[in-house]
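With the hints as extra help, turn the sequences into a complete structure.
From first to last, the protein sequence lines are chains X and D.
Start counting the first sequence at 1; every next residue gets the next number (my numbering).
Start counting the second sequence at 1001; every next residue gets the next number (my numbering).
Note that these hints are calculated values from the structure, not bench results.
Every clue listed holds true.
Which stretches of chain D does chain X cover? Using the computed rule of at least three CB atoms under 8 Å from a CB of chain X, they are: (1) 1092-1103; (2) 1110-1119; (3) 1126-1132; (4) 1154-1166; (5) 1262-1271.
Residues from chain D that keep clear of chain X, each with C-beta distances beyond 12 Å, as calculated: (6) L1058; (7) A1061; (8) D1063; (9) I1065; (10) T1066; (11) L1067; (12) A1072; (13) L1074; (14) K1076; (15) A1080; (16) R1081; (17) L1084; (18) V1087; (19) Q1204; (20) P1232; (21) Q1234.
Simulated restraints on C-beta separations: (22) D:G1115 x X:E199: 46 to 52 Å; (23) X:T195 x D:G1028: 28 to 34 Å; (24) X:A151 x D:W1015: 22 to 28 Å; (25) D:P1022 x X:Y56: 52 to 58 Å; (26) X:E199 x D:W1015: 21 to 27 Å; (27) X:Q202 x D:P1022: 27 to 33 Å; (28) D:K1178 x X:R74: 55 to 61 Å; (29) D:G1028 x X:R167: 24 to 30 Å; (30) D:P1022 x X:P197: 28 to 34 Å; (31) D:P1265 x X:A155: 32 to 38 Å; (32) D:K1197 x X:L34: 21 to 27 Å; (33) D:P1205 x X:K143: 44 to 50 Å; (34) D:L1088 x X:Q202: 52 to 58 Å.
Quick reminder that beta carbons are idealized off the backbone N, C-alpha and C, glycines included.
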Amino acid sequence: MSAQTSVASSHERVRPSSAPTGWQGWVLVAPFLLCFGVFSLWPLLNAARLATQQTYGPGFSRFVGLENFSQLLRDPMFWTALKNTSSFTLLSVLVQMPLALGLAMLLNRPGLRGRGFMRLILFSPVLVGVVFTAMIFAVLLEKRTGLINIALHQAIGWDLDFAWLERGVMSSLVLATAWQYTGFNMVYFLAALQTVPEELKQAARLDGAGPWARFRHVTLPAIRPVAMFVVLLCIIGSFQVFELPYILLNGGAGPDNRGLTLVMYLYQTGFQTGDLGYAAAIGWMLALILATFGIAQRVLASRHERMKGGTGGGA
Amino acid sequence: MKNETAQSARGHSWWAYVVLLPILLIVGVPFIWLVCAAFKNNADFFTSVLLPRGEGFLGIAWDRITLDNFRALLAKGGFARATLNSVLLSSVIAVGATLFCAMGGYALARVRFAGRRWVQWLVMAALVIPPPLLLAPGFELLYHLGLLDRMLGLILPALAPAFGVYLFQQATHSSVPKELIEAARLDGCSELSAFWKVGLPLLQPMASAFMLITFLGVWNNFLTPQVVMQSPGQFPLAVAVAQLKNTYYQDYGLLMAGTLASIVPVALLFLLLQKDFVAGLTSGAVKG
Chain X
1 MSAQTSVASS
11 HERVRPSSAP
21 TGWQGWVLVA
31 PFLLCFGVFS
41 LWPLLNAARL
51 ATQQTYGPGF
61 SRFVGLENFS
71 QLLRDPMFWT
81 ALKNTSSFTL
91 LSVLVQMPLA
101 LGLAMLLNRP
111 GLRGRGFMRL
121 ILFSPVLVGV
131 VFTAMIFAVL
141 LEKRTGLINI
151 ALHQAIGWDL
161 DFAWLERGVM
171 SSLVLATAWQ
181 YTGFNMVYFL
191 AALQTVPEEL
201 KQAARLDGAG
211 PWARFRHVTL
221 PAIRPVAMFV
231 VLLCIIGSFQ
241 VFELPYILLN
251 GGAGPDNRGL
261 TLVMYLYQTG
271 FQTGDLGYAA
281 AIGWMLALIL
291 ATFGIAQRVL
301 ASRHERMKGG
311 TGGGA
Chain D
1001 MKNETAQSAR
1011 GHSWWAYVVL
1021 LPILLIVGVP
1031 FIWLVCAAFK
1041 NNADFFTSVL
1051 LPRGEGFLGI
1061 AWDRITLDNF
1071 RALLAKGGFA
1081 RATLNSVLLS
1091 SVIAVGATLF
1101 CAMGGYALAR
1111 VRFAGRRWVQ
1121 WLVMAALVIP
1131 PPLLLAPGFE
1141 LLYHLGLLDR
1151 MLGLILPALA
1161 PAFGVYLFQQ
1171 ATHSSVPKEL
1181 IEAARLDGCS
1191 ELSAFWKVGL
1201 PLLQPMASAF
1211 MLITFLGVWN
1221 NFLTPQVVMQ
1231 SPGQFPLAVA
1241 VAQLKNTYYQ
1251 DYGLLMAGTL
1261 ASIVPVALLF
1271 LLLQKDFVAG
1281 LTSGAVKG
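Spelled out as structure tokens, the structure:
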């Protein structure tokens, strides 16, 4: 959305220039464009070529046409990876979004003391690299010595020997990710909540609207665009999950490939098996899935805009 | 009136603290656990949940607190080298990418040149490329350029994040007035010196936020260096620490010491520059 506005606004009349400054503009964009062209654009074009090849490391390849894709669709490992990644994404959204919004609403209460400090604490895990989060949770999730089993054991008599990284792979991944990103999402929600006009909430209160009605009819519509953006961000991030399972499961995919994700499969085929072509094909599938979500978000957002415009015009 | 509502709300928010405090504790516990585990030996790791208990102040055996894990880290892991690599990579990329993106974003917003639309379109299109898609072809390219296992192979591709150009373009629109640039041009400034003398100083808040985000991103990146670097002497911290887990998987104290030592520098940096950072992180989104 903002992307389009910025394109539009940058097209507004730039001064009728007296001196030809054209080449100077190119000088300013040149360093970026050069690096971008060589190390992003060129690889992107090559990703299309690679996807039609079978390779043995970067040096040897043969043309296979669309065979990589047809093989992907028949590849049970790919489907396992897709299934795991999708469930992880769905669970992450379901766990993180309500938590983040709830926390943001609590922190946004007028007169709350220590808001800045609490926001800092809740936000801090996102500063920790995923690798380091994985290192911490690998130890937290240990049987017998891990804090999670110890705490659960003392609270509800949980089995101290429960092996999270064998029997609870998905829960472990969702838990560690929620620890890391909930506060980050909360910051977005908090910023959005601060734009909800206080008078509107007061007016609704005076009209006798309860907390739920106020949330449903005042807060939610106001933060809707940001909420949709945060959900999209969470989906895009979750679909690319790699480091967390890779480190937690010691570089493997865990028992029955329960921790195999799309990017992990891409990494394994490309850099352990050495078939960069097949890896590129997996990359395109990932891009396709993410593009679908991106487009869906756009469509939903613009449809909502139109509905709002419609009712506004009618009134 | 406003004061009244604030006060009545304060009266009602005790339960907000009741909900928030346990959550803050849960978020904080992994950090506390990490620090404790890094400073005790492995015997104490298995017998005490946090710090070893004893006769000392607060019922903790302070004399059993040890720096051995950090000593071992320096001796075994090639850790000093990895730290140096991380500092080098993160700073060079943070400064370079910030400069390149500021120049590009500024030019797109305030300079008219033939083909600007085309560059603009390219930047917007690049925003939707998922990085893993470029992993295999990027590796192939670095192989052909002879840049595998070399610092330049990590630095050069990281200098041009399209996202950064987009952010700086937005920032230029909102904080570099056209009239000022116009005045600089009338004073005979070239576009380059107008950027350097007028644009960049006004973009400074965005620049420091973006520099920090980039530094953090490179510091925490694992997948790219894992793919590009092959010899242990070239590993940044993220890769070196992950390697520790393979080699010394039972030495929890060592693993946690390595993790703690990798987190602390960026945490300090963040605490120093906190305000800029949060503003920078959310600026791209909330406007949309």
